[in-house]
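Colleague: In case you want the letters, here they are:
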Amino acid sequence: MPATWSVRAITRSMLPLLAVLAVVEVGSGLVLDTFEAQLLRHPSLLVLVPVTIGTAGNLGSVLAARLSTAFHLGTLSLDPRDDELAGNAVATVALAATVFPLVGAGAWVLSLATGGTTLPARTVVAVALASGLALAALAVVVTVAATYAAYRLELDPDDVVIPVVTNVCDVLGVVVLFGVVRVLV
Amino acid sequence: MSVRDVATQAYREALPALAVSAVGGLFAGLVLGGMRSDLRAVSGLLVLIPALLATRGNVYGAMGAKLSTGLHQGLIEPTPIPDDRRVYSAVAAAMVNGVAVSAFAAAVTYGVLVALARPTASLGTLVAVAVVAGLLSGIALAVAVVVAAFAGYRRGLNPDTLVGPVVTTTGDVFGMVALLAAVRLVVALGGG
Numbered sequence: 001m002p003a004t005w006s007v008r009a010i011t012r013s014m015l016p017l018l019a020v021l022a023v024v025e026v027g028s029g030l031v032l033d034t035f036e037a038q039l040l041r042h043p044s045l046l047v048l049v050p051v052t053i054g055t056a057g058n059l060g061s062v063l064a065a066r067l068s069t070a071f072h073l074g075t076l077s078l079d080p081r082d083d084e085l086a087g088n089a090v091a092t093v094a095l096a097a098t099v100f101p102l103v104g105a106g107a108w109v110l111s112l113a114t115g116g117t118t119l120p121a122r123t124v125v126a127v128a129l130a131s132g133l134a135l136a137a138l139a140v141v142v143t144v145a146a147t148y149a150a151y152r153l154e155l156d157p158d159d160v161v162i163p164v165v166t167n168v169c170d171v172l173g174v175v176v177l178f179g180v181v182r183v184l185v
Numbered sequence: 186m187s188v189r190d191v192a193t194q195a196y197r198e199a200l201p202a203l204a205v206s207a208v209g210g211l212f213a214g215l216v217l218g219g220m221r222s223d224l225r226a227v228s229g230l231l232v233l234i235p236a237l238l239a240t241r242g243n244v245y246g247a248m249g250a251k252l253s254t255g256l257h258q259g260l261i262e263p264t265p266i267p268d269d270r271r272v273y274s275a276v277a278a279a280m281v282n283g284v285a286v287s288a289f290a291a292a293v294t295y296g297v298l299v300a301l302a303r304p305t306a307s308l309g310t311l312v313a314v315a316v317v318a319g320l321l322s323g324i325a326l327a328v329a330v331v332v333a334a335f336a337g338y339r340r341g342l343n344p345d346t347l348v349g350p351v352v353t354t355t356g357d358v359f360g361m362v363a364l365l366a367a368v369r370l371v372v373a374l375g376g377g
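Chains A and B, in that order, give the protein sequences. The numbers in our numbering rise by one with no breaks, and the one at position 80 of the first sequence is 80. Just add 185 to the spot in the second sequence (first one is 1) and you have our numbering.
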């Protein structure tokens, strides 16, 4: 299907989905609100919130953009044995395993530098790594499902897949972080 | 290409940009920590923040992906100053969508908080903060995404891999700073 390039066509294709996703994100804001006391008690966890959500969204959006282009160029088949698909999935998990421990360490150092921390560094790193690996696996599943749905519904995957993947990663990011903190902290 | 080749290439292309955007995310965390008094002054702001930041990512991420695909397909020329109507249509659509959805998210936040009987600032305050923050961060994001995608493509980088992290980094840094500026402005003008 050809990509659309007029303001009206782009808006018509995206606005309803954006509105739905905004409502979903308000739900994740409500989760954050209930979790606020714990975040304020442990400043390193508060610093960790935007970067965990952002990095998870990045992993999903890189994967989604690569799959969308492969799809437009005709080099992708939605088969688990497809090399393009499997290779990108493996890279997503490997990237999470590399970046999240550093993110945890960075959050701990920043909170140490700006007013003290209440948690040991290894706890913050463990929280980041466990959340990151869970989110990478979820990002792969969500991206493939959204790409397939866009294909079946004949929507341009660039307009649809990235928003769905990024938002699901955002909401899951808050929920997964909340769950991991409850187990590890 | 084998699975291993695809994975190695994807990993190498994505790692530098992901690392840079993680630094941006940590900076956003610091700004968020410094906004505690603003969060107390404007009830409901914390609930609204994920929706505002996500809307930036959604709108400008999709715009960047669209420009990437156009570049790959040869529809758009990566000139230093974009001269193609398609580029300006994509940017205009992103600005309209970004501001409209931010205002909508503020209205939904207000409605949900009232329904749950939780404390909330006035509808006008939340919508004003969302619209001002959306305009300020939208300008920064549109410029950053177009420049990154075009300059990257000219240097032989895959814009697909650049766009997501550039949007998240710019969105986190400028998004949080724009939100801070918007809250202070609206409160100074009598909202709250």
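No lab work stands behind these hints: they were computed from the structure. All values derive from a computational prediction rather than experimental measurement. It cannot be assumed that every hint is accurate.
Sample of chain B residues facing chain A (criterion: CB under 7 Å; computed from the structure) [said to hold, decoys possible]: (1) A192; (2) S206; (3) L211; (4) G218; (5) A247; (6) G259; (7) P263; (8) P265; (9) P267; (10) R271; (11) A277; (12) G349; (13) D357.
Every beta carbon over 12 Å from chain A, so not counted as near; a handful from chain B, in silico [unchecked claim]: (14) A204; (15) R221; (16) M248; (17) I266; (18) D269; (19) V276; (20) V286; (21) R303; (22) S307; (23) V332; (24) D345; (25) V351; (26) G375.
Cβ-Cβ distance ranges computed for the label pairs, FRET-style [to be verified]: (27) B/A204 x A/T118: 23 to 29 Å; (28) A/T75 x B/R303: 46 to 52 Å; (29) A/P16 x B/Q258: 38 to 44 Å; (30) A/V183 x B/R303: 26 to 32 Å.
The beta-carbon is built from N, C-alpha and C at its ideal position, and this holds for glycine as well.
Colleague: Now, for every hint given, state plainly whether the structure supports it.
Modeller: A quick look at each hint next to the structure:
1. A cut of 7 Å between beta carbons decides the hint on B/A192: the least distance to chain A is about 4 Å, and the hint holds.
2. The interface hint given for B/S206 is met, as the beta carbon of that residue sits about 6 Å from the closest beta carbon of chain A, less than 7 Å.
3. Interface hint at B/L211: satisfied, since its Cβ lies 5 Å from the closest Cβ of chain A, which is below the 7 Å cut-off.
4. Hint status for B/G218 relative to chain A: holds, with the closest Cβ pair at about 6 Å, below 7 Å.
5. For B/A247, the shortest C-beta to C-beta distance to chain A is roughly 5 Å, which falls under 7 Å, so the interface hint holds.
6. Hint status for B/G259 relative to chain A: violated, with the closest Cβ pair at about 11 Å, above 7 Å.
7. Below 7 Å, beta-carbon pairs count as interface contacts, and B/P263 has none with chain A, the closest being about 15 Å; its hint is therefore violated.
8. Taken as an interface hint, B/P265 does not check out: its beta carbon lies about 21 Å from the nearest beta carbon of chain A, beyond 7 Å.
9. Taking 7 Å as the C-beta contact cut-off toward chain A, the hint placing B/P267 at the interface is violated, the least distance being around 13 Å.
10. Look at B/R271: its Cβ gets to within about 4 Å of chain A, closer than 7 Å, so that hint holds up.
11. A distance limit of 7 Å between C-beta atoms decides the matter here; for B/A277 the minimum to chain A is near 5 Å, and the interface restraint holds.
12. The interface hint given for B/G349 is met, as the beta carbon of that residue sits about 3 Å from the closest beta carbon of chain A, less than 7 Å.
13. Because the beta carbon of B/D357 sits about 6 Å from the nearest beta carbon in chain A, less than 7 Å, this interface hint is met.
14. At roughly 7 Å from the closest C-beta of chain A, the C-beta of B/A204 falls inside 12 Å, breaking its exclusion from the interface.
15. Residue placement check: B/R221 does not keep its beta carbon more than 12 Å from all beta carbons of chain A (closest about 8 Å).
16. Residue placement check: B/M248 does not keep its beta carbon more than 12 Å from all beta carbons of chain A (closest about 8 Å).
17. The Cβ of B/I266 lies farther than 12 Å from every Cβ of chain A, with a closest approach of about 19 Å, so its non-interface assignment holds.
18. B/D269, annotated as away from the interface, has a beta carbon of chain A within 12 Å; the closest lies near 9 Å.
19. Not every CB of chain A is more than 12 Å from the CB of B/V276 (nearest about 9 Å), against its label as outside the interface.
20. Against the 12 Å criterion, B/V286 falls within the reach of chain A, whose nearest CB is about 5 Å from its own CB.
21. Residue placement check: B/R303 does not keep its beta carbon more than 12 Å from all beta carbons of chain A (closest about 8 Å).
22. Non-interface call for B/S307 relative to chain A: holds, since the shortest CB-CB distance, roughly 17 Å, exceeds 12 Å.
23. In this structure B/V332 is separated from chain A by more than 12 Å, as the shortest Cβ-Cβ distance comes to about 17 Å.
24. Remark: the non-interface label on B/D345 conflicts with the geometry, its nearest Cβ contact in chain A lying 4 Å away (cut-off 12 Å).
25. For B/V351, the condition that its CB be more than 12 Å from all CB atoms of chain A is violated, with the nearest at approximately 10 Å.
26. Distance to chain A confirms B/G375 as a non-interface residue, since its nearest Cβ pair spans about 25 Å, more than 12 Å.
27. Restraint check, B/A204 to A/T118: a C-beta distance of roughly 27 Å satisfies the suggested window 23 to 29 Å.
28. Separated by about 49 Å at the C-beta atoms, A/T75 and B/R303 satisfy the suggested range of 46 to 52 Å.
29. About 26 Å separates the C-beta atoms of A/P16 and B/Q258, a value inconsistent with the hinted range of 38 to 44 Å.
30. Against the hinted window of 26 to 32 Å, the Cβ-Cβ separation of A/V183 and B/R303 comes to about 27 Å, which satisfies the hint.
The earlier numbered hints that this structure contradicts are 6, 7, 8, 9, 14, 15, 16, 18, 19, 20, 21, 24, 25 and 29.
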